[in-house]
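A.B. asks: Single-letter residue listing:
Protein chains: 4
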Amino acid sequence: MKKLRVAVLAATGIVGQRYVHMLQDHPFFELAALTGNASVGKRYGASLTANAPPIGEEARNLKVLPTSPDAVPDVDLVFSPLPTEAAKKLEPQFARRFNVVSDASANRMAEDVPLIIPEVNPSHLVLLGPQKERHHWRGSLVSTPNCTVTGLALVLKPLHDALGLKKVVVSTLQAVSGAGYPGVPSLDLIDNVIPYIEYEEQKVESEPLKILGEVGEGAVSPAKFEIGAMVHRVSTTEGHLESVYVETEEEFDADRVVDELRGFRGEPQELGLPTAPREPVIVTPEVDRPQPRLDRDVGTVPGMSVVVGRVRAGPGRNSGRLTLLAHNSIRGAAGSAILTAELMHKRGLLE
Amino acid sequence: MKKLRVAVLAATGIVGQRYVHMLQDHPFFELAALTGNASVGKRYGASLTANAPPIGEEARNLKVLPTSPDAVPDVDLVFSPLPTEAAKKLEPQFARRFNVVSDASANRMAEDVPLIIPEVNPSHLVLLGPQKERHHWRGSLVSTPNCTVTGLALVLKPLHDALGLKKVVVSTLQAVSGAGYPGVPSLDLIDNVIPYIEYEEQKVESEPLKILGEVGEGAVSPAKFEIGAMVHRVSTTEGHLESVYVETEEEFDADRVVDELRGFRGEPQELGLPTAPREPVIVTPEVDRPQPRLDRDVGTVPGMSVVVGRVRAGPGRNSGRLTLLAHNSIRGAAGSAILTAELMHKRGLLE
Amino acid sequence: MKKLRVAVLAATGIVGQRYVHMLQDHPFFELAALTGNASVGKRYGASLTANAPPIGEEARNLKVLPTSPDAVPDVDLVFSPLPTEAAKKLEPQFARRFNVVSDASANRMAEDVPLIIPEVNPSHLVLLGPQKERHHWRGSLVSTPNCTVTGLALVLKPLHDALGLKKVVVSTLQAVSGAGYPGVPSLDLIDNVIPYIEYEEQKVESEPLKILGEVGEGAVSPAKFEIGAMVHRVSTTEGHLESVYVETEEEFDADRVVDELRGFRGEPQELGLPTAPREPVIVTPEVDRPQPRLDRDVGTVPGMSVVVGRVRAGPGRNSGRLTLLAHNSIRGAAGSAILTAELMHKRGLLE
Amino acid sequence: MKKLRVAVLAATGIVGQRYVHMLQDHPFFELAALTGNASVGKRYGASLTANAPPIGEEARNLKVLPTSPDAVPDVDLVFSPLPTEAAKKLEPQFARRFNVVSDASANRMAEDVPLIIPEVNPSHLVLLGPQKERHHWRGSLVSTPNCTVTGLALVLKPLHDALGLKKVVVSTLQAVSGAGYPGVPSLDLIDNVIPYIEYEEQKVESEPLKILGEVGEGAVSPAKFEIGAMVHRVSTTEGHLESVYVETEEEFDADRVVDELRGFRGEPQELGLPTAPREPVIVTPEVDRPQPRLDRDVGTVPGMSVVVGRVRAGPGRNSGRLTLLAHNSIRGAAGSAILTAELMHKRGLLE
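Chains as they are written, first to last, in numbering that gives the first Met the number 0: chain A, 0 to 350; chain B, 0 to 350; chain C, 0 to 350; chain D, 0 to 350.
Since the hints were derived computationally from the structure, they do not count as laboratory data.
Bear in mind the structure is a predicted one, so any value in this text is a computation, not a measurement.
Heads up, the beta-carbon is just placed ideally off N, CA and C, and yes, glycines get one too.
Misleading hints may appear alongside valid ones.
Stated by the list, open to error - The calculated DSS-like cross-link candidates involving lysine-lysine, where the alpha carbons are at most 25 Å apart (straight line), are:
{"hint": "1", "chain 1": "B", "residue 1": "K131", "chain 2": "A", "residue 2": "K165"}
{"hint": "2", "chain 1": "A", "residue 1": "K166", "chain 2": "B", "residue 2": "K62"}
{"hint": "3", "chain 1": "A", "residue 1": "K166", "chain 2": "B", "residue 2": "K223"}
{"hint": "4", "chain 1": "A", "residue 1": "K223", "chain 2": "B", "residue 2": "K223"}
{"hint": "5", "chain 1": "D", "residue 1": "K62", "chain 2": "C", "residue 2": "K165"}
As the list claims (entries may be wrong) - A partial selection of chain D residues facing chain B, derived with a Cβ cut-off under 7 Å:
{"hint": "6", "residue": "V39"}
{"hint": "7", "residue": "Y180"}
{"hint": "8", "residue": "P181"}
What the hints assert, rightly or not - Every beta carbon over 12 Å from chain C, so not counted as near; a handful from chain B, in silico:
{"hint": "9", "residue": "M0"}
{"hint": "10", "residue": "R42"}
{"hint": "11", "residue": "V71"}
{"hint": "12", "residue": "K202"}
{"hint": "13", "residue": "D258"}
{"hint": "14", "residue": "R288"}
{"hint": "15", "residue": "Q290"}
Here chain A stands alone, though its shape is the one from the complex (with noise of 0.2 Å):
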């Protein structure tokens, strides 16, 4: 089978070399052309930063391009971890020529933008018909959620499915590279947590909804239930730690509840693609787990499982906590984004 030729934008900040690291030896997509902003027309290699996951010279040899839809060659797919502000201005101009998947936050709540996670709302692909037709584009636009949100819905698609949402209160304890780099300072963070991220809030209460809303004629009919979020920064170099309390129609048992996160699969398990984890929910039965250090990197594809623990009911009737961890960089960024082109690929929507 000849791969798909792909291009990473923004491909020196610290998701963009996730999306480098994913794509190497990977058995649909071949790295096509990197683009970047300050480091354009030096080597790839020499712009990454220290932390950077490995990389070799095949992808460290390519010339860091300009982010323009111009100066990229052709290619089949377009993956943007663009700023917002830069996304808002040129993922529609790279979809009049490309496929785009993007983890940008600039297009995500636009009516006719698929927001995927392809476990939880494949359908929602349906959106790029009217789309293209709209926009008069050759190529398309999907975005995937804010990083905490990814492991969030994952966990309420299952627990929406089978006792429906009235009400979710979350808690995070967010780790620091989801700020990108240089991110946030030292001298913030040592012996301190900040109960504060810029926009956060609003992203993780309102993007939810639009994942488990129902797809209907050219738009999401957003889910009904309501969300509550208080978002803390920790100390953590990787993975979002979330504590989640619902209230629920149906009674939350607890018993009930873990059997349906173990059960849960999605349609890149059944299509086995390459990243998709054998489980995309892993409940731990450990009463002091999740913790990112330790969990952030189980399961059969390292950082896309998300990791639960902690299931419990009350207090009162109805309602039920739990506590999860999903890797911020992986399941809640580049990793998401692969999957779900992934899956495009297999449902013929790549070429």
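Start from chain A and add chains B, C and D according to the hints.
C.D. replies: Relative to the frame of chain A, chains B, C and D by itself:
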């Protein structure tokens, strides 16, 4: 005025050291005896941990006594930060002869033991009458709450009075000093958080209901709302941060809530007690505060004010969120107990 | 006594804030002007970083001025914590009109600029005569050392006087505040240390030789021993720890060294200057000290004493080791500059 | 080839777990017995700490035996990471029946116990002949060095051979795993470093001299240079960083030193032993490396290569500096002992 003579039990522990530090040069109290365990017979100064707060020569020269009522000389008051098991057994023995103010958990929920935050429920001290009668004690036993509960209840009190609480979901980010010394291993918290603290959630879910309950004939009728706790240990030395979601009878108007919190005063403020901060609750206007390292020592009596920020309504009607910070070793332990003793002294309950 | 009017350049930076904090209610000096860069025109209070030390209303209400000699009103003294490039250009311009005390690195090694630690080499201030003459300045320019050098040179001075230094090898564990704000990213220091700080080793290897050198006709003849530095950035907020190996002319007797360090006093102590600690060097007897969090604020003027521990002879003859801790933002920056200005004032060098 | 049966003593400790992890699927060895202390009688899987490396079902199902020669079945080899006191007493008892490879400190400096780093001094194994004879042991006792010493001696060996060492001053920044579990309290290391580790400096100052010494008639004549150590505990999980100053007989030319380090190979590399990394010493060209989190797992056998950077001459003539990083739990403990056993096996010393 003659000072009352006081003893501190378990004075070599991390909280015990706080007591000793705060009781030096106290206008009401004079350190007369310190007890310990492994250090019995040594000078107190030789038993201090490296991270002890400043402690002067007078206290350093006291000899560490065994923790037994017979070993303690005649004092007017005993402070007890004993471990749970020891407290369960020893506090009633001490109460036969001494007035005991305890921040141990063992006897907090006992029917006839008042669980006191001086600004919140000083009226509960009336339980001491029936208590002394029932047990035929010459002394008495008063408890102060868990370190996480104190900050929470101080904030819930004005909210409950103003809006009527129906449900509280609290997510905590707790400092390591709350686990004592040696406490949490570095290997467990570097690049990590732990979403579990043994027995902590039960305490957080029950103690505030007693504190905000109504005192009656020899017992307290607990408040009627529900509390759900989700606790986390993080890599900070001092200061428990708590993000709180509340459902209320009346509309949660953020401006009104800020006014109620800022205006909140209690009997310690009216009486001008030495350890009473001018404002029990300080509301910060900054969007990203409170933060443990920056805010744990603010206020007129460092460590005694709770700092609140991020007051906001929603999600949905009649609900809201806020974040609070309380110094766990001061307001959450030694400071509250000393303030309670000051109040008791003013009311003539220590004679 | 009328107070001298002072300006602080770059007052919005992390060291600038320390100056402002320390100059409030100063017996000799009165804050008259603050300059900045991005904050020009704003109230100073609106430009402070979250981790600024306490700063009162008076300073908060000052308007931030541009960092230019023309923009600064008539003052008697200018403190300069400017970044290197800006200092190189601007400090000589300021010196035409103003007496400048700088802790910037740019002009420290200039032949006619005295590089002062008030306890160590106050005699070097005689360089100001030839300096003013050569440049036709109405003002003057005095430098204070790099934050790592100050603590080191304060300890080397009594050692050199007593034993004669031949070689010094110093290994540092430096706090993040030394890199300013935002400074070192959290992602670089969580579960990590960095064995490199740009230009730092060169400064540590040269500045002490000038400070301990002999002042002659308009220049300093540097001390003759050799210094090798191995610097590391670690995850602490304040306090540079330095482990030092020395080779000496005379035998290194640990008891004698402790006595020399404990007995060391300088002109600031004799004059009783306001920012002079009673003991410039405190020797701790504990085997595992000094430690940054526990010892950085000890002494009569918090942050102004260097704390030394682990003094021991060997390996081999005429050599020894010790560990020292100096508060990098106070003794290593603002505090030393203010103490230098106090000394200059007493000597009539600011009129 | 039939695998040798091995036992791991103290297998439930932090180093013991590393042994078990590394011995799974080992081509020469097969786990036959695990001993413990508090966990005796339990399944090994039930005794693991949360931060244990991945350990499979086979090992998890072994029953934990008492640490006594009588309790251990017939095995060909015993690995001992026992605590000092236990090792002192028990290792000679085990050696009566078993070949013991120990990374405990107790017997390292005993005259007839070879202290081995397989790349550095495999010839010292000849001590086993006289050893067995003197003690009438059927087995034998071989030691491996302290976790800080192993990385240091691996780097000093090629330096000593090429330039002739006269003096070594080493300053360490050591990870908390080196203290075992629970080890160093969080309260001691948040925003802090500790310039002291009990007994560590003595080991660092003596063991390398034995390792680099010449083996003779039943004893080793230690190398003649001097070592001074200044040790520090810092907030990292794994990886001891060491900055080293050396004085040499010949000129310290940085390029030559890099070449010698890069070219260094030992018998394990020649024999292609399973746990031998291709390069015992990796020299990084980056100016700010090695760093613990980024470099502790590099190389062909993760954790077995020492990473060196910042090689530079001076101060003065015939001296130089460099920084090295060694994974303390792998190369500094379990890995070195296993590599030693592999070498002994190849040489027929385990039959």
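A.B. asks: Decide, hint by hint, whether the structure agrees.
C.D. replies: The hints, checked one at a time:
Taken as a hint, the K131(B) and K165(A) pair is broken in the structure, with Cα atoms around 49 Å apart against an allowance of 25 Å. For the hint pairing K166(A) with K62(B), the CA-to-CA distance comes to about 57 Å; that exceeds 25 Å, so the pair is violated. At roughly 21 Å between alpha-carbon atoms, K166(A) and K223(B) fall within 25 Å of each other, so this suggested pair holds. For the proposed pair K223(A) and K223(B), the alpha carbon gap of about 29 Å is over 25 Å, so the pair is violated.
For the suggested pair K62(D) and K165(C), the alpha carbons sit about 60 Å apart, so the restraint of at most 25 Å is broken. Against a cut-off of 7 Å between C-beta atoms, the interface hint on V39(D) is violated, since the closest Cβ of chain B lies about 23 Å away. A hinted interface residue such as Y180(D) counts as satisfied when its beta carbon comes closer than 7 Å to some beta carbon of chain B; here the least separation is about 6 Å, so the hint holds. Of the supplied interface hints, the one on P181(D) holds, with its beta-carbon coming within about 4 Å of a beta-carbon of chain B, less than 7 Å.
Consistency note on M0(B): stated as away from chain C, and its beta-carbon is indeed over 12 Å from all of that chain's, at 32 Å minimum. No Cβ of chain C approaches the Cβ of R42(B) within 12 Å, the least distance being about 15 Å, so the stated non-interface status holds. Its beta-carbon lying about 30 Å from the closest one in chain C, V71(B) satisfies the requirement of being farther than 12 Å from that chain. Chain C leaves K202(B) outside its interface by the beta-carbon criterion, the shortest separation being 29 Å against a cut-off of 12 Å.
The Cβ of D258(B) sits about 23 Å from the closest Cβ of chain C, beyond the 12 Å cut-off, so the non-interface label holds. Not every C-beta of chain C lies more than 12 Å from that of R288(B), the closest at about 7 Å, which undercuts listing it as non-interface. At roughly 7 Å from the closest C-beta of chain C, the C-beta of Q290(B) falls inside 12 Å, breaking its exclusion from the interface.
The structure fails hints 1, 2, 4, 5, 6, 14 and 15 (numbered hints given earlier, in ascending order).
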